[in-house]
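Visitor: Given next are the chains, with one letter for each unit.
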Amino acid sequence: MSPAQTATLAADSITLAHRQFTVAENLSVTLPTGKVTAIVGPNGCGKSTLLNGLARIHAPAKGSVLLDGKDIHRLPSKDVARKLALLPQDNTAPEGLTVADLVRFGRQPHQGWMKQWSNDDQQAFDHAVQAADVAGLAERALDTLSGGQRQRAWIAMAVAQQTPLLLLDEPTSALDLGHQIEVFELIRTLSGQGKTIAMVVHDLASACRYADHMVAMKAGKIIEEGTPAEIVSPELVQDLYGVSCDLIQDPATGSPLLVNVRRNSNFSAA
Amino acid sequence: MPDKRTTLANSSLLVLLLLAVITSLSMGTVQVPPPDVLQALMGNADPMTAFVVNELRLSRVVAGLLSGAALAMAGCLMQTLARNRLATPGIIGIDNAATAFAVASVVGVGLSLAPSAMALAGAACATAIAFGLAGANGTRGYRFIVAGIGIGAIAGAVTQVMLSRVAIDAANAAYPWTVGSLNARSGNSVLVLAIGLAAGYAILMLISRALNTLQFSDAVAIALGTRLKATRILGLALSVLLTGLAVSVCGPVGLIALLAPELARTICRPGKVPLTASALAGATFMVAADLLGRTLFSPLEIPVGIITAIVGSPYLLWILLKPSRRSLT
Numbered sequence: 001m002s003p004a005q006t007a008t009l010a011a012d013s014i015t016l017a018h019r020q021f022t023v024a025e026n027l028s029v030t031l032p033t034g035k036v037t038a039i040v041g042p043n044g045c046g047k048s049t050l051l052n053g054l055a056r057i058h059a060p061a062k063g064s065v066l067l068d069g070k071d072i073h074r075l076p077s078k079d080v081a082r083k084l085a086l087l088p089q090d091n092t093a094p095e096g097l098t099v100a101d102l103v104r105f106g107r108q109p110h111q112g113w114m115k116q117w118s119n120d121d122q123q124a125f126d127h128a129v130q131a132a133d134v135a136g137l138a139e140r141a142l143d144t145l146s147g148g149q150r151q152r153a154w155i156a157m158a159v160a161q162q163t164p165l166l167l168l169d170e171p172t173s174a175l176d177l178g179h180q181i182e183v184f185e186l187i188r189t190l191s192g193q194g195k196t197i198a199m200v201v202h203d204l205a206s207a208c209r210y211a212d213h214m215v216a217m218k219a220g221k222i223i224e225e226g227t228p229a230e231i232v233s234p235e236l237v238q239d240l241y242g243v244s245c246d247l248i249q250d251p252a253t254g255s256p257l258l259v260n261v262r263r264n265s266n267f268s269a270a
Numbered sequence: 271m272p273d274k275r276t277t278l279a280n281s282s283l284l285v286l287l288l289l290a291v292i293t294s295l296s297m298g299t300v301q302v303p304p305p306d307v308l309q310a311l312m313g314n315a316d317p318m319t320a321f322v323v324n325e326l327r328l329s330r331v332v333a334g335l336l337s338g339a340a341l342a343m344a345g346c347l348m349q350t351l352a353r354n355r356l357a358t359p360g361i362i363g364i365d366n367a368a369t370a371f372a373v374a375s376v377v378g379v380g381l382s383l384a385p386s387a388m389a390l391a392g393a394a395c396a397t398a399i400a401f402g403l404a405g406a407n408g409t410r411g412y413r414f415i416v417a418g419i420g421i422g423a424i425a426g427a428v429t430q431v432m433l434s435r436v437a438i439d440a441a442n443a444a445y446p447w448t449v450g451s452l453n454a455r456s457g458n459s460v461l462v463l464a465i466g467l468a469a470g471y472a473i474l475m476l477i478s479r480a481l482n483t484l485q486f487s488d489a490v491a492i493a494l495g496t497r498l499k500a501t502r503i504l505g506l507a508l509s510v511l512l513t514g515l516a517v518s519v520c521g522p523v524g525l526i527a528l529l530a531p532e533l534a535r536t537i538c539r540p541g542k543v544p545l546t547a548s549a550l551a552g553a554t555f556m557v558a559a560d561l562l563g564r565t566l567f568s569p570l571e572i573p574v575g576i577i578t579a580i581v582g583s584p585y586l587l588w589i590l591l592k593p594s595r596r597s598l599t
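Listed in order, the protein sequences are those of chains A and B.
Going by this note's numbering, the first sequence opens with residue 1, and the numbers climb by one from there.
Going by this note's numbering, the second sequence opens with residue 271, and the numbers climb by one from there.
In case anyone wonders, no lab produced these hints; they're calculated from the structure.
Check each hint, because a few of them may be wrong.
What the hints assert, rightly or not - Quick list of the computed label-pair ranges, beta carbon to beta carbon:
(1) B:SER478 / A:LYS70: 23 to 33 Å
(2) B:VAL416 / A:SER173: 53 to 63 Å
(3) B:ARG413 / A:GLN116: 31 to 41 Å
(4) A:GLU139 / B:PRO305: 41 to 51 Å
To be verified - Some residues of chain B that are not near chain A, with every Cβ distance over 12 Å (derived):
(5) LEU328
(6) ALA423
(7) TYR445
(8) ASP488
Where is the CB? At the ideal position from N, CA and C, for every residue including glycine.
Build out the structure end to end from the sequences listed, making use of the hints.
Guide: Structural data, given as structure tokens:
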């Protein structure tokens with residue numbers, strides 16, 4: 001049950017500011033349809049701000065975010081929520097809320113005060129808990145789950161929204177390796193079902209491994225954009241993070257692999 | 271989705287409320303056995319019983335019921351908007367400001383001119399000032415609460431100054447306002463409150479889905495399609511309306527707004543803002559507290575605001591001191 005429609009999301013020369021302080025200026029980006037886009041860059045480069053701008057959480061001071069070619073801030077908020085789901089970084093929930101309760105919230109954009117829980121809602125719910133593999137946890141309270149399980153529950157909520165677009169803000173932060181892989185593979189599966197996905201990723205190696213398209217940001221600007229194989233180079237890594245590295249091709253997947261990462265080029269592992 | 275736990279909680283509270291109402295109607299200087307109370311309500315009692323129940327006591331119980339429900343619902347709403355359990359209208363200073371305006375009308379003109387309108391004006395002013403002082407964070411965060419506490423203190427002081435500067439008769443007329451009592455209610459205020467409560471409840475039920483999403487972070491609420499600003503402004507306006515109208519009937523019985531939603535949240539299913547349960551619990555608390563105040567040291571009457579303060583303050587301290595991992599703090 002993949003989303004029936006597709007939708008396009010693009011930023012058209014947007015400037016994002018916190019009060020008077022400009023975080024990112026004149027950004028333009030179009031999410032490739034049906035692909036996974038990773039937004040990478042050092043701390044404070046504005047990558048989360050860009051994602052929040054795309055998700056209409058943060059209104060741009062200049063320029064506009066276009067959902068299917070229309071200014072997202074002028075569209076009815078419920079219509080937008082049927083096309084665009086977001087997994088934000090701050091996801092606190094009321095105490096005692098169960099996984100099932102949380103996932104049901106994902107159906108809210110499809111409901112109204114005249115339109116209560118329907119068969120469609122139930123189907124979307126069942127599909128979401130299965131896709132995110134939380135069906136067995138449905139009646140558990142969120143605060144009793146492990147970090148990985150909780151993150152899957154939140155993803156299930158976003159999946160239940162049945163949107164063609166899904167944005168995730170550091171979906172694997174604070175997760176251990178096993179849980180990270182779990183979440184990234186889930187994201188790949190959702191992409192395989194036709195969703196257009198954008199995520200902020202802290203870890204460049206994971207971005208190389210799991211993204212089709214990469215947007216590299218530094219100091220509020222987009223400095224490179226393309227497939228990981230096209231744009232990731234020792235020079236880019238030096239520019240973004242100030243570290244040296246060598247690149248090889250991952251023998252298993254063909255994606256770029258960072259090796260011998262070090263603070264300066266004189267350091268040798270020997 | 272059908273929600274058994276909340277339905278059960280609401281029905282239990284409704285039964286408790288009916289018990290409190292019937293007990294209230296039966297007890298007092300003249301005792302009327304509960305069966306006779308029911309007869310009187312249905313119009314089958316002897317004239318004496320009918321007079322005591324329907325004329326003397328019923329209007330007071332209705333006033334308590336409506337004002338308790340309104341204060342509790344306003345409290346639950348404000349807590350949700352501010353995402354803080356301490357952020358009830360009483361603590362934000364809305365009750366005190368409403369009282370100050372109402373007292374001003376009593377001591378200024380000598381009689382209570384349209385207390386509903388005066389109390390509402392006071393409530394609206396206090397909220398607007400607190401909102402303005404809170405800056406960009408709006409109702410979120412501690413600035414709103416701290417600003418509100420300051421405004422409440424000023425409004426309380428202004429009330430005291432007014433009372434100490436006027437003739438003793440005017441001060442006496444205004445006194446029930448300052449402690450919270452169902453003694454001084456006017457029929458008109460109760461009618462206005464009833465209309466406001468019905469309208470407020472209907473609107474809140476219409477926006478209840480949006481209110482539920484406010485329990486998450488702003489980003490989650492927006493992502494779920496909630497019109498954040500519109501929902502907040504409407505919620506805040508309704509909270510002010512309900513508080514102002516309730517204060518015009520019973521005075522500043524602020525602790526109801528703290529106690530009732532707390533109870534409602536404990537017994538209802540998590541994830542939904544328990545507006546109905548809060549209203550029922552608030553109505554029950556108010557009617558029960560007024561009953562205690564009337565009968566405990568009869569014929570001496572203790573104002574309902576003092577009863578709720580005696581019961582409520584230790585509870586407030588307990589909330590503040592108990593170790594808690596609730597997300598709403």
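Visitor: Going through the numbered hints above, which ones does this structure break? Give me the numbers in ascending order.
Guide: 2, 8
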